[in-house]
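Position chains B, C, D and E with the ligands against the provided structure of chain A, taking the given hints into account.
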Amino acid sequence: ACGGGSGSSTPSSSGGAAAGGSDSKSEFNAAMTGVVNPSDKKGGILKFANGGDWDSLDPGDTYYGYSWNFIRLYGRSLLMFKSAVGKEGNQLAPDLAEDLGKPSDDAKTWTYKIKKGVKFEDGTPVTAKDVKYAVERSFDKEVFPDGYTYFNDFLAWPKDYKGAYKSKDVNTDSAIETPDDYTIVFHLKQPLSNFDYFAQLPATIPVPKDKDTGAKYKEHIIATGPYKFEKNEIGKGFTLVRNDQWDPATDPNRKALPDGYEVSTNVNADDIDNRIIAGDLDIDVAGIGVQSAALGRVLSDPAMKANADNPTSTRLWYTSINGNVPPFDNIDCRKAVQYAVDKVALQTAWGGEFSGGQIATSMLPPAIPGHEDFNLYPPGADNKGDINKAKEALTACGQPNGFETNISYRAERPKEKAAAEALQQSLGRVGIKLTLKPFPQADYFALYAGKPGYAKDNKIGLAMNGWQSDWPDGFGFLQQITDSRVIRETGGSSNISVRDPEVDKLVDKAMLETDTDARNAIWTQIDKKVMEDAFVLPNVWTKTLLVRSKNATNIFVNEAYGMYDYLGMGVK
Amino acid sequence: MAQRDQAEPGGFVNEEPLLSVQGLEKHFPVTKGLLQRQVGAVRAVDGISFDVRKGETLGLVGESGCGKTTTGRLITRLIEPSAGKIVYAGQDITHMSQGRLRPLRRDVQMIFQDPYSSLNPRHTVGAIVGAPFRIQGIKTGQGTKKAVQEILELVGLNPEHYNRYPHEFSGGQRQRIGIARTLALKPKLIIADEPVSALDVSIQAQVVNLLEDLQGELDLTYVVIAHDLSVVRHISDRVAVMYLGKIVEIADRKGLYESPMHPYTNALLSAVPIPDPKRRKERERIRLQGDVPSPLNPPPACRFHTRCWKAQEICTQVEPPLETLAPGHQVACHFPENAPGLAGGLAGGVSGGAASTGAVPAGTDPA
Amino acid sequence: MVTYIIRRLIWAVVMLSIVSIITFAIFFLVPRLAGATSESLAARYVGRTASAEQVKVAAEKLGFNDPLIVQYGRFAKGIVAGADYDYGPGVEHCPAPCFGYSFLTRLPVWPDLLDRLPVTMSLAFGAAVIWMIAGVATGVLSALRRGSLFDRAAMGVALAGVSLPIFFTGIVSLVVFSYGHPFRITAPGGSFTPIEENPAMWAYNLILPWITLAFLYAAGYARLTRAGMLETMNEDYIRTARAKGLNERVVVVKHGLRGALTPILTIFGLDLGLLLGGAVLTESTYSLPGMGKYAIDAITNQDLPKVMGVTLVAAFFVVFANLIVDLLYAVVDPRVRLG
Amino acid sequence: MSFLELKDLRIHFPTDDGLVKSVDGLSFTLERGKTLGIVGESGSGKSVTSLGILGLHKGGRARISGEIWLDGEELVGASQEHVRTLRGKKMAMIFQDPLSAMHPFYTVGDQIIEAYRIHNDVSKKVARKHAIDMLGRVGIPQPARRVDSYPHEFSGGMRQRAMIAMALSCDPELLIADEPTTALDVTVQAQILDLMRDLQRDFDAALIVITHDLGVVAELSDDILVMYGGKCVEYGTSDDIFERPEHPYTWGLLGSMPRLDREPTERLMPIKGSPPSLINVPSGCAFHPRCAFEERTAGLAKAEVPELRETEGGHLVRCHLPAERRRAIWRNEIKPNLEAS
Amino acid sequence: MRAEPEAVAIAGGAPIQGRSLGQIAWMRLKRDKVALAGGLLVVFLILVAVFAPLIVGAFGQDPMQFNSDLIDSSTMAPKTGTGIGAQHLFGIEPVNGRDIFSRIVYGARISLLIAFLATLLSVIIGTLLGVTAGYFGGLVDSIISKTMDVFLAFPILVFAIALAGIVPDSAFGLTGDTLRVSLLVFIIGFFNWPYIGRIIRGQTLSLREREFVDAARSLGARGPYIIFRELLPNLVAPVLVYSTLLIPTNVLFEAALSFLGVGVRPPTPTWGGMLSDAVRFYTIPHFMFFPGMAIFITVLAFNLFGDGLRDALDPKAR
Ligand SMILES: Nc1ncnc2c1ncn2[C@@H]1O[C@H](COP(=O)(O)OP(=O)(O)OP(=O)(O)O)[C@@H](O)[C@H]1O
Ligand SMILES: Nc1ncnc2c1ncn2[C@@H]1O[C@H](COP(=O)(O)OP(=O)(O)OP(=O)(O)O)[C@@H](O)[C@H]1O
Ligand SMILES: [Mg+2]
Ligand SMILES: [Mg+2]
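Protein chains in written order, with my numbering: chain A, 217 to 788; chain B, 3 to 369; chain C, 5 to 343; chain D, 2 to 342; chain E, 341 to 658.
Please note that a few of the clues may not be correct.
The list that follows gives simulated cross-link-like pairs (lysine-lysine, DSBU-like), each with its CA atoms no further than 35 Å apart [stated by the list, open to error]:
{"#": "1", "chain 1": "A", "residue 1": "Lys-766", "chain 2": "A", "residue 2": "Lys-745"}
{"#": "2", "chain 1": "C", "residue 1": "Lys-60", "chain 2": "A", "residue 2": "Lys-427"}
{"#": "3", "chain 1": "C", "residue 1": "Lys-258", "chain 2": "D", "residue 2": "Lys-336"}
{"#": "4", "chain 1": "A", "residue 1": "Lys-649", "chain 2": "E", "residue 2": "Lys-419"}
{"#": "5", "chain 1": "A", "residue 1": "Lys-721", "chain 2": "A", "residue 2": "Lys-607"}
{"#": "6", "chain 1": "C", "residue 1": "Lys-60", "chain 2": "A", "residue 2": "Lys-425"}
{"#": "7", "chain 1": "A", "residue 1": "Lys-600", "chain 2": "A", "residue 2": "Lys-675"}
{"#": "8", "chain 1": "A", "residue 1": "Lys-405", "chain 2": "C", "residue 2": "Lys-60"}
{"#": "9", "chain 1": "C", "residue 1": "Lys-81", "chain 2": "A", "residue 2": "Lys-425"}
{"#": "10", "chain 1": "A", "residue 1": "Lys-447", "chain 2": "C", "residue 2": "Lys-65"}
{"#": "11", "chain 1": "A", "residue 1": "Lys-257", "chain 2": "A", "residue 2": "Lys-335"}
{"#": "12", "chain 1": "D", "residue 1": "Lys-273", "chain 2": "B", "residue 2": "Lys-148"}
{"#": "13", "chain 1": "A", "residue 1": "Lys-375", "chain 2": "A", "residue 2": "Lys-425"}
{"#": "14", "chain 1": "C", "residue 1": "Lys-65", "chain 2": "A", "residue 2": "Lys-378"}
{"#": "15", "chain 1": "A", "residue 1": "Lys-607", "chain 2": "A", "residue 2": "Lys-675"}
{"#": "16", "chain 1": "C", "residue 1": "Lys-60", "chain 2": "A", "residue 2": "Lys-382"}
{"#": "17", "chain 1": "A", "residue 1": "Lys-452", "chain 2": "C", "residue 2": "Lys-258"}
{"#": "18", "chain 1": "B", "residue 1": "Lys-280", "chain 2": "B", "residue 2": "Lys-256"}
{"#": "19", "chain 1": "D", "residue 1": "Lys-126", "chain 2": "B", "residue 2": "Lys-280"}
{"#": "20", "chain 1": "C", "residue 1": "Lys-65", "chain 2": "A", "residue 2": "Lys-425"}
{"#": "21", "chain 1": "B", "residue 1": "Lys-280", "chain 2": "D", "residue 2": "Lys-8"}
{"#": "22", "chain 1": "B", "residue 1": "Lys-256", "chain 2": "D", "residue 2": "Lys-125"}
{"#": "23", "chain 1": "C", "residue 1": "Lys-81", "chain 2": "A", "residue 2": "Lys-384"}
{"#": "24", "chain 1": "A", "residue 1": "Lys-607", "chain 2": "E", "residue 2": "Lys-419"}
{"#": "25", "chain 1": "B", "residue 1": "Lys-188", "chain 2": "D", "residue 2": "Lys-273"}
{"#": "26", "chain 1": "B", "residue 1": "Lys-280", "chain 2": "D", "residue 2": "Lys-273"}
{"#": "27", "chain 1": "C", "residue 1": "Lys-60", "chain 2": "A", "residue 2": "Lys-384"}
{"#": "28", "chain 1": "A", "residue 1": "Lys-405", "chain 2": "A", "residue 2": "Lys-258"}
{"#": "29", "chain 1": "A", "residue 1": "Lys-257", "chain 2": "A", "residue 2": "Lys-324"}
In case anyone wonders, no lab produced these hints; they're calculated from the structure.
Bound-form chain A, shown alone (with noise of 0.2 Å):
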């Protein structure tokens, strides 16, 4: 490791790492704000790791912010997010299109201008209806069930729509025109003033009708960025080519500078710490930041410590009290929860301060327009709950002694576990008595905590949740959390506690605000009414230690994805 240089490197002004930029600082959080080994020498491979399985490479079907920010090595969307240090990530930058969108007056009809000159890799040249045809056919949930469906939900597509594969010949100008090879006009049920951020899905990045081979097309997927498949063998790893029909000159956003990278997945997560440390790999493409063990290990090492980053994301790690859930109906028990909880001990649980994260004292996570610090339930001095007044909560709720409920996680999250049993111990101080109840992760929403009628049935009155938006602005984040109406019987919902019709107006007023100003302060509004109704008890906000590659250059955070960026990176 590096000796102790001084002074923090400057944020460096766009499109990845400035060339030749002065001397990188290995320092603790140095990647935050500036570039790390800034370099433009081409070459070598990067070598990544997955420790779970790729939920899917399709654009059409992978919903991972990792994925996200990965997927821009090989495909194109209309939009990207620039690949720059920190807040300037957030940025969004014409990618596929020559700009950012352009609304109608009532902001319902976004069009965007296609680059001409980009190719697929094999040299046929992408149009608009290619990236029509990459939206309709993600329509199909059945074929692609990962997904999002924000173009589902938001354009105005003809009745009974069901996708390109199902709704072969249906027209769908309705929804999406593409009256020359390169313009797309995309129709909304509403006024959006966000719709940029939709432009910026992998879902745009066009698919070519005759290669599409719906549910197979992630095994051979189609490039249009500066890298193609080689190999693909799912569940095992992939490896990444140049792509030769890519054209620097249409992309002023990529560097390309690997020859190529090599991915391998269901990799022991323990391993990919040691590799990344060791030298052996560069990253963990999952950008969750090291495991116990080696959190120990650099954080007790100077020299390691000054080669890692502790980014924050949008992500929120809470609890959801289930309002339906007696005696949780009454919003004195649940205040009774939100005082007597211990937030030392549920941060540790999460992974401590550095790799669990920032103690939240509401929901919008601070990465996200909007944030505002306030603390509703002040949890004592030593953040380790305010008895008193959780008695008292508790004396008003009519439960002076405490009751007894069950408190769901995922049985396969060992941090969701620890977090269940660290609120079990400290709920339990009050007499709030907690069964633990650990369900699989692909039903805990569609069959057990997010189903409101098993929940009710079986008194799972907490249920450990996460949440993470999508991109960083108040809808992607709050929505789909707080509106009451996405709660489904069936299925299976992201919000399973925030049952407030004020609540569920606040939200359509925030959708119809074009103004972003009074759009965040609305989403602020929203953020302190959900916190006064006690229906949520926010954990942390997730905080990663991530380590630098040894051989990587240009490494940098970008706040977009909360991981490093994946497209700047070069090898020394």
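Structure of chains B, C, D and E with the ligands alone, referenced to chain A:
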């Protein structure tokens, strides 16, 4: 002993037999697969008939695998006969249900060959000998223990050994325990399957004597199964010789041993080594070749023809019936020896047979 | 002999059918008992974001509303005759044996299984070679030197070996020999290099799992061999061999070991069969992408078609191993007659 | 010097329950071409003796002392390796149960070939020819075909023949047959006894036949040794033993046997009790608890172990009773009973 | 005329002592120091399990009690100086600072309870079906044997994991630990019976050939009498031995299921569960060491004892 005299030829004419076996057969199916498909049959006992009179001892001899044990187990209805008829004391018990058979079981008991496997190693002597009372639900005057101890004494065991386990006894003592068990219910008929063959000579004699004594004392009828011709001769009044599931000859002791009619009986007798070095040179021997054929595929017609030096065409085609050739002497052979009218003793019979038929000289050993 | 094999093959098929029926029944029934509906099952197919109506349509299409027996029939038919699958743009034929499509990846299960097989096979066969050599040799030596220091030490280690949970030895071995070590003995998990690609890497990646797995089994086999040898060395035919004037080495190896090896071979076959169906604990400890890991992952994700597939393949190996062992037995032991 | 001479052979086994004195001071001699029969009840030490001669107890737990001289060589003190080279070639053995004594996994031919090739440096082919020859000589039909059969494919008699062929394959000078016919049917037993007699004549080997069947020894032996509790109690020619037996145990054996060559007697004359434990051998004469004439020794039998003494012409008896009394008892009390009726 | 009492007490030398088979086995076992040590260890472990509350009480630590103040909240590891010591014999867990010693002690309860009950279940099913198959033979035997074959063809572990994974949290009128324990007992016990069933069937087949069974039948004894009075007493030894040897297998089985997260639910301490938690913290060796050793020692103890018992009850060694 008194009864023995009656058993000599000429005795017993009118009395009804205690046990009568007619055309008894047992074919063990050879099965295969989950569905127990039958693919063949071991013809262990293949149509045998004999009577056992009250008070006598019938010996059943033959080489290994000829069906002796099976016969014994058939009579005691441990296995179900395939065909034929078993009549005990006038009652047809061939297919009598186990329930109806239970009371009769007091009358018919069995002594087993192996004194080591015939006693349950986990039961005490008291439990073993007392089992008949318990199973048959019999209450005895002074209690089971007393009764058991009396029986133990009867067979020459120390009644104080009531609480010991079988493994603490020697082979001979164990066989006595087994005998004690059969005696518990005061049976009338005892089937003894090789009661002494697992024992040393010196012990063997003890048990043989015991059996004889008990017969006199308790008025028992025996069917003694054995392969040792000397032992059988010693204890039997009448003897049946079996070969491959059939009785080939049945006669009173004297008739059988002094003038055997079936070549097989002859061969058997001459094969027994005589513990007298002087005689070994004098004796004429008949040496059978090879082993007993498999009961799965017994030779057709006369089963002995494959090893018989007198065999002729007819022997391979017509099964010789069991015929009475002399009073109380039945033989199943086309060319019997020593039949009345045919002169000569044992040795003469043999040489005469060989000379007269001139067949298969390989079967004899002139040495 | 031929009829025997045919009969055994038929029985093997019957057995696999029974296993598949039971597996099917359990995995398709128990979730329903646990409160799942055909909709919630279908929801797994179409994802969380699908609308209720889409879910309904999917449930109908996937036949989740049909009676169990119909569903099983479809499943079985897929294995025998293949099945058609709508993958979006068109319908594709999934050729026999078609074990259906994963809930999660939407890909046919069968090629997946074929893909995992080499990993498990490499693990199982590699470990088997080690444990057979080590276990049998130790067992023989122990038996010959019964009561000696070597015997007691070897049997002590063996007993410890069978008493150690493999997930414990596995992790400890990883911590000691692999994690973050400058001279790591092996790449711990996730990495599998096919042997035809790079034999050295293949072995390097597997050496630790091999040793750990082999240790467990070698311990068992050493005990087994020792017991077997003690028994055969007491047989009459050993006395005969000695009476012939054979030297002790020949007596031990040619006569003693040959006799003791038969039951060991049987157990070996069955163990191997069981392992080929997936060394669940070893693979998950070392993150080896084999059948066992596949099974665990499938179960974790409640990916029923995968679970069915892997269970059946595992059962197939056991049944197949049984068959081979029986046939082998007849070869090794001439007394055994097949007919 | 005799061809085979045992001098005070003792073979003891230390066990959990105590020291088993299986053979306790056994001496005898045997010449080439002669047959010695050893009889005795189960557990009297017959098999242990035979295995002891072949040196098969070595390396086990057995404690062996005394001397075994074979053709001028002492075997007890000889190295295990040396004794091994003698086994099979110089001395061979036939075991009681041929099925378990042959390896089930090798063909009969292989096992004979193996035996032959240890001592004869010949090719497999030659050895095979020899094996076929041997099988033919012991009377196995179609030896060239049966040479490739496995033991279980043979019938009991054939197996015993094969066993004999194996033992004789290297032309041994001493052949020990331990209960060679016990597992066989009478008719087959007779065949095997004939065979052994013929073979001994051809091979001119010294033969030891071990059995508990007096009939068998009478058929084969020149001399007979009666063992009881690990010791020799009587030794003599066949005639001596059958015509003029002098030991009460021998009388007991004779009296226990029903015989075909005599009239059936009313009662057998068994020996009372059961064979002695070899761990707690009865004091004095081991036979005294079962001996009908024990009182006539005036307590001597209980107190002292009798010596094995010669009565006349090589006839040895281990008994406290004076020779005269013994003869009188035999003549007056035993013999008449045996021939009664 | 009475039979001569020939065989009485003239065996020569000391009369045979009246020892039952159990006594003989016990004598042999007593001499086998290693097995005895195993046996004592087994007793010790059982006592630990039974008196877990007392033991833990004596050391003043609650297995569920968090000690967050002893944990460094940035690394989740115990703060330096708070490891193994008088206060916490085996140290504390990372993240929440629970006392490892008391969790190990309580873990013994679950481990042994499940192992014992599952063994009992296997033994009951296995013995009954094994005896039935062996005694009746024929079609009954065929069916039972083939059933065992089918059972043995199942990849048990996969199956157990799957089953334990899909059964909901309250079922069959049970909830919580009771449900989980019952479920595990059922799964483990149910899949293991064929092993014991095969052994018992084999033993019964050979026992059935013994003449004492015929003797009982010839006295008019019926099936149940023979099975229960004649056969079962002879099967006690193998059943005992194989149960003792099945227990450690089941301990391992339970640990494996807990390790894979489908065992008894947290926070109830289980050794396998602790071990799986420890994997994340492999840099804190004692966290992994104690549960690993607890499993190892328990399994070893039962194996030692079982081996010794087998040798002691071995009829061949008699
Ligand atoms: N339960 C059975 N199933 C099939 N075959 C049997 C059965 N019991 C006996 N046998 C066969 O029947 C034939 C006659 O057997 P059995 O036991 O009656 O002969 P044995 O004369 O008593 O012979 P040994 O002298 O050997 O006791 C043998 O070939 C035997 O293998
Ligand atoms: N290896 C041994 N260890 C301990 N005791 C032994 C051993 N071999 C034999 N014995 C004991 O020595 C005694 C004599 O055995 P041996 O086999 O010589 O008897 P035998 O006369 O051949 O009897 P049988 O007629 O039964 O074959 C027996 O009591 C036996 O238990
Ligand atoms: Mg019989
Ligand atoms: Mg012997």
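When you check the alpha-carbon spacing of Lys-280 of chain B and Lys-8 of chain D, does it fall within 35 Å? Holds, at about 31 Å.
Just to be careful, I want the Cα atoms of Lys-405 of chain A and Lys-258 of chain A compared with a cutoff of 35 Å; is the pair within it? Judged against 35 Å, a Cα distance of about 46 Å means the pair is violated.
Quick one, are Lys-188 of chain B and Lys-273 of chain D close enough, alpha carbons at most 35 Å? Roughly 27 Å between the alpha carbons, so the hint for Lys-188 of chain B and Lys-273 of chain D holds.
Could you grab the alpha-carbon distance between Lys-65 of chain C and Lys-425 of chain A and see if it respects the 35 Å cut-off? holds, 25 Å
Tell me if the straight-line CA distance from Lys-607 of chain A to Lys-419 of chain E falls inside 35 Å. holds, 31 Å
Hinted pair Lys-405 of chain A and Lys-60 of chain C, Cα distance within 35 Å: Measuring from Cα to Cα gives roughly 25 Å; hence the hint holds.
Between Lys-273 of chain D and Lys-148 of chain B, is the straight-line Cα distance small enough, at 35 Å or below? Measuring from Cα to Cα gives roughly 26 Å; hence the hint holds.
Pair hint Lys-280 of chain B and Lys-256 of chain B, alpha-carbon separation not exceeding 35 Å: holds, 24 Å
Does the structure keep Lys-60 of chain C and Lys-384 of chain A at a Cα separation of 35 Å or less? holds, 21 Å
35 Å limit on alpha-carbon distance, applied to hinted pair Lys-721 of chain A and Lys-607 of chain A: Distance of about 33 Å is within 35 Å: holds.
Does Lys-427 of chain A lie within 35 Å of Lys-60 of chain C when you go C-alpha to C-alpha? holds, 29 Å
Measure nothing beyond the straight line between the CA atoms of Lys-607 of chain A and Lys-675 of chain A; if it is 35 Å or shorter, mark the hint as holding. holds, 22 Å
The earlier numbered hints that this structure contradicts are 1, 3, 17, 19, 22, 28, 29.
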